[in-house]
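For the record, the sequence lines run as chains A and B.
By numbering that gives the first Met the number 0, the letter at position 65 of the first sequence is numbered 64, and the numbering carries on one by one without gaps.
By numbering that gives the first Met the number 0, the letter at position 120 of the second sequence is numbered 119, and the numbering carries on one by one without gaps.
Check before you lean on any hint, since a few could be wrong.
Calculated lysine-lysine pairs in the DSBU-like style (CA-CA distance at most 30 angstroms, straight line) [to be verified]: (1) B:K14 with A:K10; (2) B:K14 with A:K41; (3) B:K288 with A:K41; (4) B:K5 with A:K41; (5) B:K341 with B:K288.
Keep in mind that the hints were calculated from the coordinates and are not lab data.
All values reported here derive from a predicted model rather than from experimental measurement.
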Amino acid sequence: MAHDYNNILQKLCHHIGHFASSGIEIVPESDLINQLAIDSVKLLNLVMEIEDEFDISVPINVLADVQTVRDLADLIHKIKSAS
Amino acid sequence: MSLLDKLDTGAAARKALLPEGIDVFGTPIEEVYSSTEARVGGRRILFFGTNNYLGLTFAPECLQAAHKAIDSEGTGTTGSRMANGSYSGHRALEKEFADFYHCRSSIVFTTGYQANLAMISGLAGTNDVILIDGDSHASIYDGCRLSGAEIIRFRHNDMADMEKRLRRLGERTRSTLIIVEGIYSMLGDRAPLADIVKIKNSYGSMLLLDEAHSLGVLGQTGQGLVEEAGLIDGVDFITGTFSKSLGSIGGYCVSNHLQLDQIRYVSRPYIFTASPSPATIASTRAALKLLRDGTELRKKLWRNARKLYSRLDELGYLLGPEPGPVIATILHSPQQAMMLWKGLFDYGIYVNLILPPAAPEGNSLVRCSVSAAHTEEQMDYVGNTFAELRKKIFK
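Start from the sequences, fold in the hints, and give me the full structure.
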């Protein structure tokens, strides 16, 4: 289970790197908007990459509670576990 | 941060980005001369960003109908149709829209924005899924949010991407509403409707097509993309607006599904708002006749659209993927976009400026909207000005 979660986190950080401001370290506690400068439109496009990476559906209306990288990893983990 | 602090922060960011001395996103129009010209800042300017595609805002038939309606029925209805009743004009326009599309029924809404809000939130709910194109208009996003359904986006006009996302939904595709637009407002390109209909049929989903920018523009009688593609039977619901080709304000939905009428009883954006004013309805009815019979207007519109698109293309501007009445010049920085917008404005041409995050892919847009009412001289002037600015801004 922990291995799965770490795998999700690792892949997620890779995709976040496509959208975040360059030169900023991406850690689980990073705030997507305030620290990584991922605005609302970038977040929606990041979600499409995540859906393809993990072959899941991530409804954009569940993103309201997502603030950090870890929040997003938790959400992916939850959706994957349920599918 | 307090509620007002948040507004101050946003205002400061906006002021830092925009040029001083002119309110780009609230330009005061001092006097309107015609469907294509007005006075702004004491100068005569050309409208090249309004969506007056057929140039009907001053059509004598529409003006006369609106004047007559005000005189006979007053300035407003002052209430909703559920509480205060439907005027004869509301019902007549609904019948005329249904006849125009050869559909079973139609509903008229107070704005085009509300038409999408009402239809989407009336059709889909908590346990449903809505699949939307990534470049969808804000009214579609807002309608989706209001519905409470799960919202999934697919990459703009990418059919493989759309199908992949449908496939992931499994059995849920049968309670999925797909939403696309006839012509997309940002880049002016069309949805690949034949492919979309084929895919939605194979997954048992429903399809809503927003013809806001394509009504009056595409198809022999101006129905929109659905007519051009010959796919009226493949689309479940068509929405659109009166505020573009019809030159007034309001929205509509047409459908062959019997259940459309139930939207009137379950959809908050229909129930809890005042109905369209008599003058609005009357001018829209007159405009719908002109639109339906407007073959010559459509020819003129497309001549103008192709002319400007090819001129800008030859000049080396990066444009949306296909010619059409919406012609978007794509710029890679907001500063460049503002210089082009300001340059055009200084030459008396008023177009739309769209900055990130509103524009797709982090780009900025300077967007023109062409009208059948634009004259040869006006078209040449705009083309020549773009040529002049190309030398100045991109030297």
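Next on the checklist: With the threshold set at 30 angstroms, check whether the alpha-carbon distance from K5 of chain B to K41 of chain A stays at or below it.
Outcome noted: holds (21 angstroms)
Checklist entry - Quick one, are K341 of chain B and K288 of chain B close enough, alpha carbons at most 30 angstroms? => result Violated, at about 38 angstroms.
Item to check | Holds or violated: K14 of chain B to K41 of chain A, with C-alpha atoms at most 30 angstroms apart | outcome: holds (23 angstroms)
Checklist entry - If you draw a straight line from the CA of K288 of chain B to the CA of K41 of chain A, is it 30 angstroms or shorter? => result Violated: K288 of chain B and K41 of chain A sit about 43 angstroms apart, past 30 angstroms.
Item to check | Pairwise hint evaluation, K10 of chain A against K14 of chain B, where the allowed Cα distance is 30 angstroms at most | outcome: Judged against 30 angstroms, a Cα distance of about 38 angstroms means the pair is violated.
Taken one by one, the earlier hints fail for this structure at numbers 1, 3 and 5, listed in ascending order.
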